[in-house]
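Novice: In case you want the letters, here they are:
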Amino acid sequence: MEFKGKRIVIGKLGLDGHDTGMKIVSKWLLDAGYEVLYAGLYNSPQRIVQMAIEEAADAIGISSLEFEHLYYANKLLEELHAKSLGDRIKVIFGGVIPKDDVQKLKQLGVDAVFTPGTRKDTLIQTINDLFAST
Amino acid sequence: MSASDELATTYLEGERVPHFRSLSGIEYKPIYTKADWPDELSDAAQYPFTRGIHSDMYRKRLWTRRQQSGYGTPEESNERIKYLLRVGQTGINMDCDTGTKLGLDPDYPLAQGDVGLQGTSLCTYEDMRTLYKDIALDKVSSTLIIQPPFSALIMAWYLLLAKERGIPWENLIGTIMNCAITQLVGPTYQSNMAFFPFNLTLKIGFDVMEYMISRVPRWNIVNINAYNIRETGVNAIQEAAFAITLAADYMKALIQRGHDVDSFARRMAFFCAAHIDLFEEVAKLRAMRRIWARMLKERFKAKNEESMWFRAAIQTSALPLTAQEPLNNIVRATIQTLAAVLAGTQSIHTTGYDEAHSLPTEESQRLSIRTQQIIAYETKVVNSVDPLGGSYLIESLTDRIEEQIWELMKLIEEKGGFIQCYEDGWIEEQVDEARYMMADDIESGERPVIGFNMFRDEDEKTDIEIFRYAQGMQARRIRYARDYKKNRNQEPVKRALDKLCELTKKKPEVNFVEPIMQAAASKATLQEIFDAMRRGADFTIPS
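Residue numbers (our numbering), protein chains in the order written: chain A, 1 to 134; chain B, 1 to 543.
Treat the hints as calculated values from the structure; they're not laboratory data.
Be aware that a few hints might be false.
Unchecked claim - BS3-like, lysine-lysine: derived pairs with alpha carbons at most 25 Å apart:
{"no.": "1", "chain 1": "A", "residue 1": "K99", "chain 2": "B", "residue 2": "K461"}
{"no.": "2", "chain 1": "B", "residue 1": "K82", "chain 2": "B", "residue 2": "K139"}
{"no.": "3", "chain 1": "B", "residue 1": "K461", "chain 2": "B", "residue 2": "K301"}
{"no.": "4", "chain 1": "A", "residue 1": "K75", "chain 2": "A", "residue 2": "K120"}
{"no.": "5", "chain 1": "B", "residue 1": "K461", "chain 2": "A", "residue 2": "K104"}
{"no.": "6", "chain 1": "A", "residue 1": "K106", "chain 2": "B", "residue 2": "K139"}
{"no.": "7", "chain 1": "B", "residue 1": "K507", "chain 2": "A", "residue 2": "K120"}
{"no.": "8", "chain 1": "B", "residue 1": "K203", "chain 2": "B", "residue 2": "K415"}
{"no.": "9", "chain 1": "B", "residue 1": "K461", "chain 2": "B", "residue 2": "K252"}
{"no.": "10", "chain 1": "B", "residue 1": "K297", "chain 2": "B", "residue 2": "K410"}
{"no.": "11", "chain 1": "B", "residue 1": "K82", "chain 2": "B", "residue 2": "K163"}
{"no.": "12", "chain 1": "B", "residue 1": "K505", "chain 2": "B", "residue 2": "K494"}
The model shown is predicted, which means the values in this text are computed figures rather than measured ones.
Turn these sequences into a full structure, and let the hints guide you.
Specialist: The following block contains the structure:
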């Protein structure tokens with residue numbers, strides 16, 4: 001499969017410390033054949049993008065449980081565009097994100113959004129499809 | 001399982017649950033008899049307090065209804081607190097935002113996106129005054145949700161406010177959470193290491209405890225957040241063993257500082273979870289009471305019986321709640337609240353049904369309070385103390401869980417105690433393992449969750465009102481912090497901060513509460529105060 005070995009930076013932006021979801025998703029991705037570059041907590045958008053560049057990542061996955069998703073999606077995408085990486089690096093968000101905001105995130109250019117209660121198979125399939133379509 | 005498969009199972013084969021294990025993996029027996037529990041019980045209010053610490057429990061006084069609250073600006077949170085008190089809340093549970101909890105002002109770049117989201121944003125003494133406007137500090141008990149070292153400042157603000165209003169400190173009633181390890185997001189490693197030197201964090205936690213022991217006699221000096229431990233995904237036995245071994249470490253340190261165990265033990269308390277396995281949760285709390293009593297008496301040689309009282313606030317766990325079909329969560333939280341009551345807890349926060357969508361709305365918080373009021377006033381479960389006591393099942397389960405908690409506590413003690421295990425990363429390993437197992441159990445259906453991995457309606461439309469923050473709230477707080485720092489007499493601030501920096505560098509053994517209080521009174525902000533100490537310790541934070 002073409003997605004095997006794709007590299008995904010997983011981390012959180014700002015001060016949100018809830019890391020259970022991010023750790024579980026990281027493990028699911030590893031089990032599915034992805035390479036996970038774990039950025040952990042307390043990252044700025046600049047730092048995450050820098051890491052994605054250094055690690056030649058194919059995607060950035062951001063976990064958000066404090067309602068900071070719109071604030072940071074804006075900043076992260078600005079940073080990616082400033083580095084002309086908007087087309088090369090996929091952006092994925094997951095966490096406590098209300099339905100109305102899923103559309104807003106997608107309009108900003110986020111490629112996939114996972115809300116609470118996403119099953120493992122759905123998550124992996126959606127991410128596989130993201131890479132299959134490129 | 002598809003809906004039609006489920007129908008076939010239900011109607012053609014007869015419906016049954018997938019297994020009979022507890023959430024912690026204990027096998028429930030088909031029936032419990034005298035053979036499972038041939039023992040006798042001592043009464044409530046008698047050592048080892050299995051049946052509770054008071055002889056008349058809820059007959060004399062109901063549990064405190066204490067919903068956590070806090071969001072946005074201190075003005076908004078003050079309004080929400082007053083609303084909660086109007087609809088029947090009986091204690092305040094003040095939560096501050098993540099920036100405040102990490103010692104950052106709203107204008108710090110990495111903090112700006114989180115201002116006011118998960119609690120109220122506080123960075124000055126005036127903020128505390130606003131938060132408690134029109135609220136009598138000596139009439140309502142307050143829990144201040146903040147951990148060291150920042151607990152020293154929040155406590156100092158609160159004490160300064162009492163002083164300003166002419167309320168003697170001995171009349172203050174409440175709790176400072178003040179646990180260095182469990183508060184942020186449970187005992188995970190990175191969160192407690194990134195924004196302040198960990199050793200100094202621990203030390204300032206003890207400074208706060210020590211300061212309060214002698215000056216504010218009715219204040220609880222530390223509350224071990226077993227709830228946040230549990231919410232990482234560990235089981236009931238780990239929740240209890242982790243929390244109690246951590247409390248033991250705190251007690252050892254206070255004794256080492258020269259305090260008699262009876263001078264502080266009765267002012268330590270716990271904050272536990274009530275998950276959805278009703279009997280196991282009741283048994284867990286009963287077992288924790290017994291372990292605490294025995295540990296205090298036998299190991300720490302306490303003489304005052306009150307030192308042996310295990311007191312716990314309970315929040316209903318959010319882990320069994322689902323984003324799908326959110327109204328189902330009202331049913332879950334009701335059963336969990338009932339578990340907390342049957343276990344004999346001191347106060348309850350019933351988690352909102354909208355937890356997986358946003359902070360609770362006013363409507364959701366009122367429903368949580370009503371849930372507790374219905375249980376308290378309509379169901380009659382409060383009429384007798386420890387109503388499940390003497391049940392073969394409950395007593396046998398209490399014994400079994402107690403035994404397993406002791407075993408795990410022994411293992412932790414052999415490894416050097418909880419704090420050592422935490423610093424070694426062993427706790428992080430246990431937590432991670434538990435998280436992965438929880439996810440696997442939910443994926444496989446080992447742990448049934450209605451509307452999620454069973455009876456899931458793929459076309460379900462979730463339409464509930466969700467909480468939204470006020471427009472421009474973050475910008476207002478950022479501007480406030482900047483203006484505050486600009487428009488004040490800078491000289492006393494500089495003096496107080498230089499002193500803090502020097503103390504941290506040269507005399508870190510002093511008790512920091514007073515110097516922090518002086519800096520606060522000089523109009524230094526939260527981050528300025530802790531930045532001064534970070535400089536003194538040569539410590540850099542994420543930017």
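Novice: Each hint: holds or not?
Specialist: The hints, checked one at a time:
A C-alpha spacing of about 10 Å is found between K99 (chain A) and K461 (chain B), which places the hinted pair at or below 25 Å, so the restraint holds. Of the supplied pair hints, the one linking K82 (chain B) and K139 (chain B) holds, its CA atoms being roughly 14 Å apart against a limit of 25 Å. Proposed proximity of K461 (chain B) and K301 (chain B) is contradicted: the alpha carbons are some 58 Å apart, above 25 Å. Of the supplied pair hints, the one linking K75 (chain A) and K120 (chain A) is violated, its CA atoms being roughly 28 Å apart against a limit of 25 Å.
Between K461 (chain B) and K104 (chain A), the direct Cα distance comes to roughly 19 Å. Compliance with the 25 Å bound is thereby established for this hinted pair. With a C-alpha separation of about 50 Å, the suggested pair K106 (chain A) and K139 (chain B) falls outside the 25 Å cut-off, and the hint is violated. Using a Cα cut-off of 25 Å, the hinted pair K507 (chain B) and K120 (chain A) is violated, with the two alpha carbons roughly 53 Å apart. With a C-alpha separation of about 21 Å, the suggested pairing of K203 (chain B) with K415 (chain B) holds against the 25 Å cut-off.
About 53 Å separates the Cα atoms of K461 (chain B) and K252 (chain B), which puts this hinted pair outside 25 Å; it is violated. Taken as a hint, the K297 (chain B) and K410 (chain B) pair is honoured in the structure, with Cα atoms around 17 Å apart against an allowance of 25 Å. Under the criterion of a C-alpha separation no larger than 25 Å, the hint pairing K82 (chain B) with K163 (chain B) is consistent with the structure, at around 22 Å. A distance of roughly 16 Å separates the Cα atoms of K505 (chain B) and K494 (chain B); the hinted pair therefore holds under the 25 Å criterion.
The structure fails hints 3, 4, 6, 7, 9 (numbered hints given earlier, in ascending order).
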